[in-house]
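Those protein sequences? They're chains A and B, same order as listed.
So for the first sequence, the working numbering puts the first residue at 306; every next one is plus one.
So for the second sequence, the working numbering puts the first residue at 6; every next one is plus one.
Since the hints were made in silico from the structure, they are not lab data.
A few of these clues could be false.
Stated by the list, open to error - Listed next, the in silico EDC-like pairs over lysine to aspartate or glutamate satisfying Cα-Cα at most 20 angstroms (straight line):
| no. | chain 1 | residue 1 | chain 2 | residue 2 |
| --- | --- | --- | --- | --- |
| 1 | A | K413 | A | E541 |
| 2 | A | K544 | A | D439 |
| 3 | A | K324 | B | D17 |
| 4 | A | K349 | A | E327 |
| 5 | A | K508 | A | E471 |
| 6 | B | K54 | A | D527 |
| 7 | A | K324 | B | E48 |
| 8 | B | K205 | A | D313 |
| 9 | A | K364 | B | E203 |
| 10 | A | K512 | A | D657 |
| 11 | A | K453 | A | D527 |
| 12 | B | K204 | A | D313 |
| 13 | A | K656 | A | E570 |
| 14 | B | K205 | A | E314 |
| 15 | B | K204 | A | D500 |
| 16 | A | K484 | A | E541 |
| 17 | A | K413 | A | D500 |
| 18 | B | K56 | A | E353 |
| 19 | A | K350 | B | E48 |
| 20 | B | K73 | A | D527 |
| 21 | B | K217 | B | D98 |
| 22 | B | K205 | B | D98 |
| 23 | B | K73 | A | E314 |
| 24 | A | K364 | A | E411 |
| 25 | A | K349 | B | E188 |
| 26 | B | K204 | A | E570 |
| 27 | B | K184 | B | D24 |
| 28 | B | K243 | B | D255 |
| 29 | B | K237 | B | D24 |
| 30 | B | K112 | B | D213 |
| 31 | A | K350 | B | E188 |
| 32 | A | K580 | A | E570 |
| 33 | B | K73 | A | D313 |
| 34 | A | K422 | B | E55 |
| 35 | B | K73 | B | E85 |
| 36 | B | K184 | B | D17 |
| 37 | A | K324 | B | E188 |
| 38 | B | K184 | B | D255 |
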Amino acid sequence: MIDYSLTDEQNFLRETVRKFAENEIAPYAQELDREEKFSVEITKKMGEMGFFGAFVSPKYGGQGLDYISYIIMVEEIARVDGSQAATVAAGNSLGIGPIYYFGNEEQKQKWLPRLCKGEILSGFGLTEADAGSDAGGTLTNAVLDERKNEWVINGSKMFITNTSNELSGVVIVQAVTGKSAKGRKELSCFIVPTDAPGFESRKLHDKMMWRASDTSELYFDDCRIPAGNILGNKGEGFKQMLQTLDGGRLSIGSMGLGGAQGAFEKALQYSQERKQFGKPICKNQAIAFKLADMAIEIEAARNLLYKACWLKNNGLPYGKEGSMAKLYCAEVMGRVANQAVQIHGGYGLMKDYDVERFFRDQKLLDIGEGTSEIQRLVISRYIGC
Amino acid sequence: MNIIVTIKQVPDTNNITIDPETGTLNREGVPAIINPEDKNALEAALTLKEKHGAKVIVLSMGPPQAEKALREALAMGADEAILLSDRAFAGADTWATAYTLSCAVKKIKDYSLIIGGRQAIDGDTAQTGPQLSECLKIPQITYVQDVKVEGDTVLAKSVFGNVRRMVQAKMPALLTVTKEMNEPRYSTIRGIATAYREKKITVWNSKDVDAKPMRIGLPGSPTQVRKTFSPKHEREGKVFAGAPGQLANDLLGVLVDNNYV
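Isolated chain B, as found in the complex:
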């Protein structure tokens, strides 16, 4: 069984500030990390590997620096790593990203599961996973907190708000997992040494995965960011003090003044 884990390298938003002028992230000096829920996805894949035997392939799209995230995944125990890197991929929205990833998955061909994090902490869209399954026309189970594999089916506990569902799908299938799923393991010292010295990272560009130029990067992205900004909180609360009767009058006054009553 081959399990593909999709990961994204993101700035560690715990350490990030937003430039109030431009509305963009101040990335300087901010460490790049594996998106936390993608780590949960990798942990899920590694647990399945330990139980059933599997080859775990991590797949990421990003600039050459994303290699560090893939090395970390290899150090945690992934068997292979593929980086999709090409200037032509730049500016991709979730749809173009999902399409690009799907081209790579088609090239990998042999897989039973694709597991990714529910969403990335830099964009919070939670779209790329579901869109990837649509591109590949395979079943998807999202917001997964527990997973079992039996024969050629996958059984997953999906939790969304107050709704808990047990969903079964025939493999190949795609899962997106949440942080409640597991506690990602540490890379071991030996794992780190192996990841950096013995394991290889394969780099594929748009031609390698046979991606159509008009469907990738900025040209392939139906959504484009016009502006990012931090919402301003300008409204202020007002505190009234006094006897209850007086307070009731004051409150009524505010409601009348604002045409609520």
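Extracted from the complex, chain A is given alone in its bound form:
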């Protein structure tokens, strides 16, 4: 049996997040984008709303949502602004996720309650200057100083979200901790508080997209953390990363879906108001068909993404569908935002019109958390190529 209906709770959650996004985020999105400014104020408000710790059990101060609800939440934020959606999606899937899924009881008790309230933010330090799609290229390393019972981390990370603002409290860092029997690098993940000695973060500037989200470079110079800050067991870092990214892909997918929805609605509204040759431009088939195509693709993207979430909710394998959803939603937003600018004509090229921002913000989705090329590689392996 197929049941496509959302629960009353999910519908009301969507309504509530939409209202919040329209009232508390949308009015500031253009200005924050233009000034490339991370808003502590909006982040705190999102924390009060309960946007962090979405899928974490209430036992640790989380919201106890199912995965579809979490994805609806991100989708509705992305419908008005990619940057704030990025702060939330990265905070949940990448920052909180690893601690919740792989941390021991003590680590969960220590970090999750404050993270779930949004009092502090966390990031996931994976990418390096020379290690993007190929995590095997990771150079950052951690050595256990047995005398002091501390891990000593050296290296750097690149393009890390949520780690250089005044709310940044902790980073999950992947580092090389040895070599496996086969000679492969052994990776482990560590919980690094942002006030750890030897840790430094530097904000990255002049981004094309997500300009109101916080992106940074991280430096570890004999950065020392207690031995107990290792996440799970030594050598589990690679597996933890793959699992984290599987979940993260769903939230990137929802950013594509929400962004596509937002750009579509802007384009539809504009096409109804803009008159040329004495009639609204949406009455021209050339424009009307573009909008029809957008609507079809958005519907298909939503179904694919929600199905992947449904699989995850039900404890079924969702790796393939998650990759498909991430890739497809990102590309749908690419096509939709492109046509949304086209429909806006000259005005679509101006920053005063939101579609210009949606057009730029989309590009990250083809690249972050596994490029479209890597997604195709993952999918092709799943289907037996």
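Please arrange chain B on chain A, whose structure you already have, making use of the hints.
Below, chain B alone, put in the same frame as chain A:
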């Protein structure tokens, strides 16, 4: 302290049109919302709860679909919700509604305050609150913009037009509040989850609240709507142009023609 908040589910009139033929609201596809000033009432109750500690009970009369409004109130932070729902309640005017609500309040019994919105956006009568206080024979303070509770008294700032009054009443008392009172909070994500998964909505029918059949619904309503219509604006303005002397003459002509002078 128990605070009862009366809420009404109404069609979102920002999104509504009126059928010119029948004069009734086109309700299809129009979202149902909590009447905005009832949300201010709930916010006031929740603020008092945070300050003094209280149990907030939301009370609504309506069809089963009104459950959604009560869930929203629970998500905002209300502790309990009661829905008065019975076919026999249908067609009630403000007086029958107030009576029905009063029966429920009597059943709840233990309360210090009843807070409701000044008026609902679908009817704009502002009668149900005051009538409820009359049914219960408790003091009422209407058009409230600020409220304080001290011991067993409530002190409220009531603003009507240019008149501002500070009114004190012994509790239990009823307040109706206006939108200037506060900014209603958003439901939090956790609040929504709790409202839908953990909190219960109690449904009472006319027998549960011991309401007299002849005082509820259509039979209990002294007012009945004969017809609703949108006023037609058929009169048109007229613009005169010309030299001042000519214009004065033209204007005088109109006044004379219409027997005003």
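Right, here's what the structure says about each hint:
1. K413(A) / E541(A): holds, 18 angstroms
2. K544(A) / D439(A): Satisfied, since the Cα-Cα distance of roughly 14 angstroms is no more than 20 angstroms.
3. K324(A) / D17(B): holds, 14 angstroms
4. K349(A) / E327(A): Holds, at roughly 16 angstroms.
5. K508(A) / E471(A): With a Cα-Cα distance of about 12 angstroms, the restraint between K508(A) and E471(A) holds, given a limit of 20 angstroms.
6. K54(B) / D527(A): Roughly 51 angstroms separates the two Cα atoms, so the pair is violated.
7. K324(A) / E48(B): holds, 17 angstroms
8. K205(B) / D313(A): holds, 15 angstroms
9. K364(A) / E203(B): holds, 15 angstroms
10. K512(A) / D657(A): Holds, at roughly 19 angstroms.
11. K453(A) / D527(A): Between K453(A) and D527(A) the Cα gap is close to 13 angstroms, so the pair holds against 20 angstroms.
12. K204(B) / D313(A): Holds: K204(B) and D313(A) sit about 14 angstroms apart, inside 20 angstroms.
13. K656(A) / E570(A): With a Cα-Cα distance of about 17 angstroms, the restraint between K656(A) and E570(A) holds, given a limit of 20 angstroms.
14. K205(B) / E314(A): holds, 14 angstroms
15. K204(B) / D500(A): It is violated: about 41 angstroms lies between the C-alpha atoms, which goes past 20 angstroms.
16. K484(A) / E541(A): Holds: K484(A) and E541(A) sit about 12 angstroms apart, inside 20 angstroms.
17. K413(A) / D500(A): holds, 19 angstroms
18. K56(B) / E353(A): holds, 19 angstroms
19. K350(A) / E48(B): The given pair, whose Cα atoms are some 18 angstroms apart, holds under the 20 angstroms limit.
20. K73(B) / D527(A): Violated: K73(B) and D527(A) sit about 56 angstroms apart, past 20 angstroms.
21. K217(B) / D98(B): holds, 15 angstroms
22. K205(B) / D98(B): violated, 28 angstroms
23. K73(B) / E314(A): holds, 10 angstroms
24. K364(A) / E411(A): Status holds; Cα separation ~13 angstroms.
25. K349(A) / E188(B): holds, 18 angstroms
26. K204(B) / E570(A): violated, 36 angstroms
27. K184(B) / D24(B): violated, 29 angstroms
28. K243(B) / D255(B): holds, 11 angstroms
29. K237(B) / D24(B): With Cα atoms ~13 angstroms apart, K237(B) and D24(B) stay inside 20 angstroms; holds.
30. K112(B) / D213(B): holds, 9 angstroms
31. K350(A) / E188(B): With a Cα-Cα distance of about 15 angstroms, the restraint between K350(A) and E188(B) holds, given a limit of 20 angstroms.
32. K580(A) / E570(A): holds, 17 angstroms
33. K73(B) / D313(A): It holds: about 8 angstroms lies between the C-alpha atoms, which stays within 20 angstroms.
34. K422(A) / E55(B): Holds, because 19 angstroms separates the two Cα atoms, which is no more than 20 angstroms.
35. K73(B) / E85(B): holds, 14 angstroms
36. K184(B) / D17(B): holds, 16 angstroms
37. K324(A) / E188(B): holds, 14 angstroms
38. K184(B) / D255(B): Given that 20 angstroms is the threshold and the Cα spacing comes to 47 angstroms, the pair is violated.
Taken one by one, the earlier hints fail for this structure at numbers 6, 15, 20, 22, 26, 27, 38, listed in ascending order.
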